[in-house]
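Protein chains in written order, with the numbering used here: chain A, 122 to 448; chain B, 122 to 448.
By construction, these hints were calculated from the structure, which means they are not laboratory data.
Errors might be hidden in some of the hints.
One copy or two, it doesn't matter: identical chains are merged, so the pair holds either way.
Subject to a maximum C-alpha distance of 25 Å in a straight line, what follows is the list of computed PhoX-like cross-link-like pairs (lysine-lysine) [unchecked claim]:
hint, residue 1, residue 2
1, Lys-128, Lys-195
2, Lys-331, Lys-374
3, Lys-374, Lys-357
4, Lys-374, Lys-325
5, Lys-235, Lys-357
6, Lys-331, Lys-424
7, Lys-357, Lys-399
8, Lys-319, Lys-335
9, Lys-374, Lys-235
Just so we're clear, the structure is a prediction, and the values are computed from it rather than from any experiment.
2 protein chains.
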Amino acid sequence: MEKRSIKALVLKAFNTYPAIGELELPALNEGMAEIEVKAVALNRRDFYITQGLYPGVEFPVVLGSDVSGIYNDKEVILNPNINWGANEAVQSDAYHILGMPSWGGMAQYVQVAKDRIYPKPAHLTLEEASALPLAGLTAFRAIKTKGNCKAGEKVLINGIGGGVATFAFQFALAMGAEVYVTSGSDEKLNKALQMGAKGTANYKAENWHKQLAKDSGGFDLIIDSAGGKGFANLAKLCRPAARVVFYGGTRGKIEGLSPQILFWRQVTVMGTTMGSDKDFEDMLAFVNSHKIKPVIDSVLDWKESNQAFEILKASSQMGKVVLRVGE
Amino acid sequence: MEKRSIKALVLKAFNTYPAIGELELPALNEGMAEIEVKAVALNRRDFYITQGLYPGVEFPVVLGSDVSGIYNDKEVILNPNINWGANEAVQSDAYHILGMPSWGGMAQYVQVAKDRIYPKPAHLTLEEASALPLAGLTAFRAIKTKGNCKAGEKVLINGIGGGVATFAFQFALAMGAEVYVTSGSDEKLNKALQMGAKGTANYKAENWHKQLAKDSGGFDLIIDSAGGKGFANLAKLCRPAARVVFYGGTRGKIEGLSPQILFWRQVTVMGTTMGSDKDFEDMLAFVNSHKIKPVIDSVLDWKESNQAFEILKASSQMGKVVLRVGE
């Protein structure tokens with residue numbers, strides 16, 4: 122295909138949101154394919170990039186790591202990994218994620234390597250499917266590849282609501298675990314109870330972790346993305362041989378963490394980010410076999426993308442925020 | 122055997138050291154055996170117990186977890202584990218360590234379950250062999266069972282000198298790793314260089330970790346027992362997919378630890394303490410096949426036990442402090 126003009130949500134400067142504009146799509150390189158985008162889901166990463174919190178941004182840029190669309194008349198989704206590399210344990214130095222620096226899915230068309238294209242799960246709409254890739258991948262590696270979640274185990278998802286945490290919650294339930302969740306929002310906690318949570322705790326309450334320890338008897342597996350001072354309380358909630366897996370640190374540096382609790386209980390703490398291509402395929406197979414439906418907070422037209430970014434800024438969502446890409 | 126009077130180093134109160142006195146050894150229960158003690162090595166645990174830092178002490182008590190001696194005319198050493206349990210991942214609630222609450226090896230005789238008795242490694246003297254059990258077990262689980270040390274990997278032993286750290290150093294060398302060590306003592310660093318360390322750093326120097334990062338290129342496996350504020354620097358020394366294993370926290374709570382470094386590099390942090398009976402047998406087999414000789418800081422007569430405790434108090438030792446048990 123020759124280079125040609127398309128419409129896209131174009132980000133031109135930090136501390137602005139992307140706006141619909143025209144961009145020239147380059148000629149297609151060998152091994153690459155062009156997908157007609159139907160829906161694109163937002164990630165915290167997208168908001169952070171607009172705030173200048175990621176290195177290496179060159180304007181104009183098209184964000185969007187989570188894409189569903191049409192390729193060769195078939196409905197597809199994309200693996201957002203680029204150059205993970207051969208080591209399952211960690212991404213290579215050449216690793217990056219679709220949607221910065223390489224242009225992503227907030228556009229009518231996106232160019233990706235052909236091996237990034239996967240059939241859309243048949244039980245999902247295109248909008249639901251777009252919610253899956255990045256958050257589903259991160260959650261699956263956290264809960265399964267690293268966390269080794271097993272049926273009957275007690276699992277805590279610390280901070281329900283975000284895309285990864287919500288998938289981790291759903292995956293753990295589907296694996297037969299007893300899953301507890303925390304949030305600062307009672308509304309999110311109630312939603313989680315409706316979805317099958319065994320118990321909840323509002324971390325704005327004083328001594329919430331002591332009450333949760335009583336209610337639950339402690340946890341075999343804890344998933345976190347906050348870090349900060351609260352992380353030390355998670356250690357206190359660990360049962361012997363527990364695993365703590367974290368994929369973020371929104372509350373900053375970990376403080377006041379007792380080595381004694383961790384070594385005496387033989388706890389393992391694992392950092393994780395994204396996942397390998399094998400993780401992606403395992404996640405897709407799991408989603409297909411368990412008919413997991415992503416929790417969608419809202420679906421907006423891409424002309425309303427400012428509103429979508431504002432939801433992420435406020436962290437008010439329960440599940441994913443999806444944009445329909447159109448004319 | 123009927124109960125009878127023996128000599129032992131008896132601890133009668135906190136903030137004192139044990140002194141030689143007479144004790145009545147109870148009649149031998151079924152499944153138990155009586156070992157004639159020849160040598161007993163000290164551990165930090167013994168010093169901490171004298172300082173009242175362990176719960177559950179009942180006076181009088183005989184300390185000593187590391188024992189070599191004679192059983193049925195054969196030279197033997199003892200596995201210090203009591204009731205580890207069936208789970209390799211973590212000790213049971215009934216777990217304890219020989220030498221408090223059950224009487225240990227700082228005595229002419231010690232009673233243990235028969236399955237705690239193992240042949241002394243043939244390449245070691247009784248004094249050397251007594252240095253092995255507790256520290257060797259802890260180090261082997263840290264470096265191998267949990268740390269999965271592999272030939273060619275870069276390993277950092279943070280704080281060389283103590284028994285566990287010194288065994289971890291020797292085991293990692295025998296596994297073919299490139300091993301670096303830190304200490305606050307240049308004398309200990311020089312000793313480690315003579316033993317085969319690839320490089321060293323004195324952690325009293327400013328920005329020691331930056332220099333060590335340059336020298337080493339970072340580490341695949343880090344062994345620590347300090348915790349505290351310095352732990353955050355260890356995270357900075359991690360290569361992608363590194364493992365950090367810690368078995369102590371002498372510097373207190375972990376502070377200022379960056380979640381971002383750990384999750385982006387996919388680092389795993391593992392607490393560990395002691396080791397399973399399988400770990401003990403694997404450690405013994407490794408020591409026998411590699412002819413590992415424990416590093417002995419000093420061998421003293423048990424009449425000089427005060428001096429031995431003072432060495433532990435000052436943390437001035439390089440390797441183990443051993444008492445010869447006699448008349």
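Do the hints match the structure? See the list:
1. Lys-128 x Lys-195: Answer is within: at 22 Å inside a copy they meet the 25 Å cutoff, but 85 Å across does not.
2. Lys-331 x Lys-374: The answer is both: 22 Å in one copy and 20 Å across copies each meet 25 Å.
3. Lys-374 x Lys-357: both (18 Å within a copy, 13 Å between copies)
4. Lys-374 x Lys-325: both (19 Å within a copy, 24 Å between copies)
5. Lys-235 x Lys-357: Answer is neither; intra-copy 46 Å and inter-copy 37 Å both fail.
6. Lys-331 x Lys-424: neither (46 Å within a copy, 49 Å between copies)
7. Lys-357 x Lys-399: neither (33 Å within a copy, 28 Å between copies)
8. Lys-319 x Lys-335: Classified as within; 13 Å inside a copy, 49 Å across copies.
9. Lys-374 x Lys-235: Classified as neither: same-chain Cα gap 39 Å, cross-chain 49 Å, threshold 25 Å.
When the structure is compared with the earlier hints, violations turn up for hints 5, 6, 7 and 9 and for no others.
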